[in-house]
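J.: Which chain is which? The protein sequence lines are A and B, in order.
Residue numbering for the first sequence is 1 to 349, as defined by our numbering.
Residue numbering for the second sequence is 1 to 441, as defined by our numbering.
Be careful, since some hints might not be right.
Simulated pairs of lysine to any residue, SDA-like, Cα-Cα distance not exceeding 25 Å [unchecked claim]:
{"hint": "1", "chain 1": "B", "residue 1": "Lys362", "chain 2": "A", "residue 2": "Phe245"}
{"hint": "2", "chain 1": "B", "residue 1": "Lys165", "chain 2": "A", "residue 2": "Asp330"}
{"hint": "3", "chain 1": "B", "residue 1": "Lys206", "chain 2": "B", "residue 2": "Gln196"}
{"hint": "4", "chain 1": "B", "residue 1": "Lys93", "chain 2": "B", "residue 2": "Gln196"}
Quick list of simulated restraints, FRET-style, between CB atoms [unchecked claim]:
{"hint": "5", "chain 1": "A", "residue 1": "Ala284", "chain 2": "B", "residue 2": "Arg58", "range": "34 to 40 Å"}
{"hint": "6", "chain 1": "A", "residue 1": "Val230", "chain 2": "B", "residue 2": "Gln121", "range": "43 to 49 Å"}
{"hint": "7", "chain 1": "B", "residue 1": "Asp28", "chain 2": "A", "residue 2": "Asp331", "range": "44 to 50 Å"}
{"hint": "8", "chain 1": "B", "residue 1": "Asp401", "chain 2": "A", "residue 2": "Ala102", "range": "45 to 51 Å"}
{"hint": "9", "chain 1": "B", "residue 1": "Ile203", "chain 2": "A", "residue 2": "Glu203", "range": "32 to 38 Å"}
Pulled from the structure, derived: some chain B residues nowhere near chain A, Cβ distances all over 12 Å [to be verified]:
{"hint": "10", "residue": "Val21"}
{"hint": "11", "residue": "Arg56"}
{"hint": "12", "residue": "Gln63"}
{"hint": "13", "residue": "Arg76"}
{"hint": "14", "residue": "Gly108"}
{"hint": "15", "residue": "Phe120"}
{"hint": "16", "residue": "Ser144"}
{"hint": "17", "residue": "Arg168"}
{"hint": "18", "residue": "Glu172"}
{"hint": "19", "residue": "Lys175"}
{"hint": "20", "residue": "Asp176"}
{"hint": "21", "residue": "Leu204"}
{"hint": "22", "residue": "Lys206"}
{"hint": "23", "residue": "Glu231"}
{"hint": "24", "residue": "Thr241"}
{"hint": "25", "residue": "Pro280"}
By construction, these hints were calculated from the structure, which means they are not laboratory data.
In this text, a Cβ means the ideal position worked out from N, Cα and C, and glycines have one as well.
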Amino acid sequence: MFGGLKEKLQAARNRLGTSIQGVVAKQEPPSPETRTAEPETPLPQQKTISSTAPTFVDKVKVLIIERELIVSEKDISEALAELEMTLLESDVALPVSDAIIAHVRTNLVGKHRKIGESVDALVVGALKSALLEVLGKGFNLVEYVKTHAHPVKILFTGVNGTGKTTTVAKIGAFLKKNGYTVVIGAGDTYRAGAIEQIGVHAERIGIKIIQHQEGADPSAVIFDAVQYAVSHKIDVVLADTAGRFHTKSNLMNQLEKIRRVMKPDLIVYVDEAVAGNDAIVRAAEFDRTVGADAVVLTKADMDSRGGAAISIAHTIGKPLMFLGTGQGYDDIMPFDPAQVVEDLLGSDT
Amino acid sequence: MLDNLSTSLKDALKKLAGKTVIDRAAVDELVKDLQRALISSDVNVKLVMDLSKAIRTRSLDEQLPKGTNVREHVLRIVYQELVRLVWASTDVKLEPQTILMAGLQGSGKTTTTAKLARYFQKKGMKVGVICADTFRPGAYDQISTLCAKINVPCYGNPQEKDAIKITREGLESQKDVELVIVDTQGRHALEADLIQEIIELNILTKATHRWLVIDAALGQQASEQARRFHEAIDIDGVIITKMDGTAKGGGALSAVAETKSGIVFIGSGETIEDLERFNPDGFISRLLGMGDLKALVERAEEAIKAEDVDVNAMMKGKFTLRDMYTQLEALNKMGPLKQIMGMLPMGNMQLPDGVYDVTSTKMVRYRIIMDSMTPGELDDPSLISSSRMQRIARGAGASPDEVRELLKYYKMMQRTLKGLRGGGGGKFNMQRLMKRFSGMQ
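Using the sequences and the hints, build the whole thing.
T.: Quick look at the structure:
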């Protein structure tokens, strides 16, 4: 994922670069500029920006060394409009793209800066911090499990059809591979077939599962799972829940009850990478009502743009923990922003 | 945030209100706001650009019809352009046919399959379902449980891994049903082998309809996915699911434009009855963040007998406990309060959260409590003193706290509605406009 976004941003950035270059005025603020253009790029996984000849960063560097520029709003407004379209086309929600564009604008317009020796460090540093700022720190689950009292209780939430159950199975397999014992609480007692679904997953990956019959109280199921973990010295409890819309206050209350009963160490909000503007609405609502400590984005293999990641990260400011990238149990990718940023900048500069 | 958007759209419209000559700047502004409204509803960006270009050109070029003002003129164009986009004939015929369901993972195909089965069953058809999802564990359990609830035969075999084989056997075993719905596994356009599978399923079933199920929250990716599905199996209808959330369903619009088909059904709830035929007026209103009284009233008519309640009672005159009683009863039949409220033209006003917090069980309690009140009390709740409250509570088997809660809720409703009424001309203009629109197409 993010590949498409990266390409588009690349084009937009070049455009922005050109437009600034055209302004033969005085000086220009390389960092802010790049920074703002970047935040979107961050997501672009591993892939390198490369390809297109002189990157924006190069241009900026040249500019900085050779002469000074003052950027006026007029000079960049067109390019910014284009950048905004790019963001929107990549599913970055409207308010979020607005915020990003505004950020770029304030940072660019009228900026004056004397630039001398370490342009490189300046640009790279600014870029890096900007990228990390949007993406947060990432979330190392293995590290978390290692450093917290067992059993570590993890609750999964999200709206219908985002892939919670599959994600629970994948994370179960992931933790098992990392040497931890896991028990799953089949807390989706509502949807027909959900208990069977998670049951089959658990059996395939060889994990104990606690389940009641359809229609049971999910809090009770999950409570039992936690009890089981305590008495059998299991390391991690993964609690699946039924998908629910943030607009249904009774279901949200139920989730609240689950949280009270389970006292989770981690609440993981699951959403899909292909979601559009609604992603921010529901992420904010879930974060407000039951809280969220980390985010998993599923179906990242469907979409090369990844705007939802930016939208959600920007809206609730919680780290992205995993990307779901396919239908197999191994199709899960820990998300490490530092690494991503490193890769991006490494190729860029 | 969407509220802000539709407000700005309304502001832009307001600016056009008094004008008799088309003002280029005002039209530009309106078009810009329109773009933002549509984009934040997840309509494909390119589509929005084309659309707004057409609207701008038409608004500026076309002769202002006699007797209309600029605002009406522009709004009419906006509406016509949008309808042109979503409006394709999607007749659902009640005759023997085979329907093949397609869509991304988690878009709601299985649930929708059951809802469709129920829909056609209610129309008097003999329906059968084939579960061709051989991948997701529990898929067969899910669909067979749902089908059992409505007494629809469901063919499937969780042990078999070959969807083609299951479907062939399923078609064989369901020869005597009139309408077969084939539920398939979720897939996306980049999974070549799965796309090949659905092509083969399409050939095998000779499906009358191939409907694409789209999650209302699907973003810009909708166009691309729909295009690929369309290339593979020639999609002839789109179903939007999960419209009971806050998503606007703009992705479905992109899908429709891409497949040159129309929106057939809308799924908006978790129960098997929550499926409606598509109604362009309501959908467009929602996209633009403007309310749609028409759909609400229609829905009300369906759910309630005429003498039961006048939905517009909410909007007019005195609001007593008695009104609330009938409304609670009526609303109960129509669906969750929030859903109803979403359809009312008041996008620019915020309702207190508490208004929505009345779940159906609570509504039942409230009605029981109100049953213990005297007619006088129902007409004038201010009569209720603490001794009366005790009496009501005893009569209803409730605690005085519950009675107090009910009165609090009543006051909140009353305040809200007062706010609605007093909320300025905006909403009513909007209401009139929407009405006018519905007369125009």
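J.: Is Asp176/B truly not at the interface, in the sense that its beta carbon sits beyond 12 Å from all beta carbons of chain A?
T.: Non-interface label stands for Asp176/B: nearest chain A Cβ at 25 Å, farther than 12 Å.
J.: Examine each Cβ of chain A, and state whether all of them lie more than 12 Å from the Cβ of Glu231/B.
T.: 16 Å, holds
J.: Lys175/B clear of chain A by more than 12 Å, beta carbon to beta carbon?
T.: 26 Å, holds
J.: Next pair to validate is Lys206/B with Gln196/B; report whether the Cα-Cα distance is within 25 Å.
T.: 15 Å, holds
J.: Hinted pair, alpha-carbon criterion (25 Å max): Lys362/B, Phe245/A. Please report holds or violated.
T.: 20 Å, holds
J.: Assess, step by step, whether the Cα of Lys93/B is no farther than 25 Å from the Cα of Gln196/B, and give holds or violated.
T.: 29 Å, violated
J.: Determine whether the Cβ-Cβ distance between Ile203/B and Glu203/A falls within the hinted range of 32 to 38 Å.
T.: 35 Å Cβ-Cβ, so the 32 to 38 Å window holds.
J.: With 43 to 49 Å as the target window, see if Val230/A and Gln121/B comply at their CB atoms.
T.: 48 Å, holds
J.: Please settle this one: Arg168/B was flagged as non-interface, so is its CB more than 12 Å from every CB on chain A?
T.: The assertion about Arg168/B holds, with a minimum of 23 Å to chain A.
J.: Are Asp401/B and Ala102/A spaced within 45 to 51 Å by their CB atoms?
T.: With Cβ atoms ~49 Å apart, the hint holds.
J.: Measuring Cβ to Cβ, find out whether Thr241/B lies farther than 12 Å from everything in chain A.
T.: 8 Å, violated
J.: Determine whether the non-interface label on Glu172/B survives the test: each CB of chain A must be over 12 Å from its CB.
T.: 24 Å, holds
Hints 2, 4, 14, 16 and 24 from the list above are not met by this structure, while the remaining hints are.
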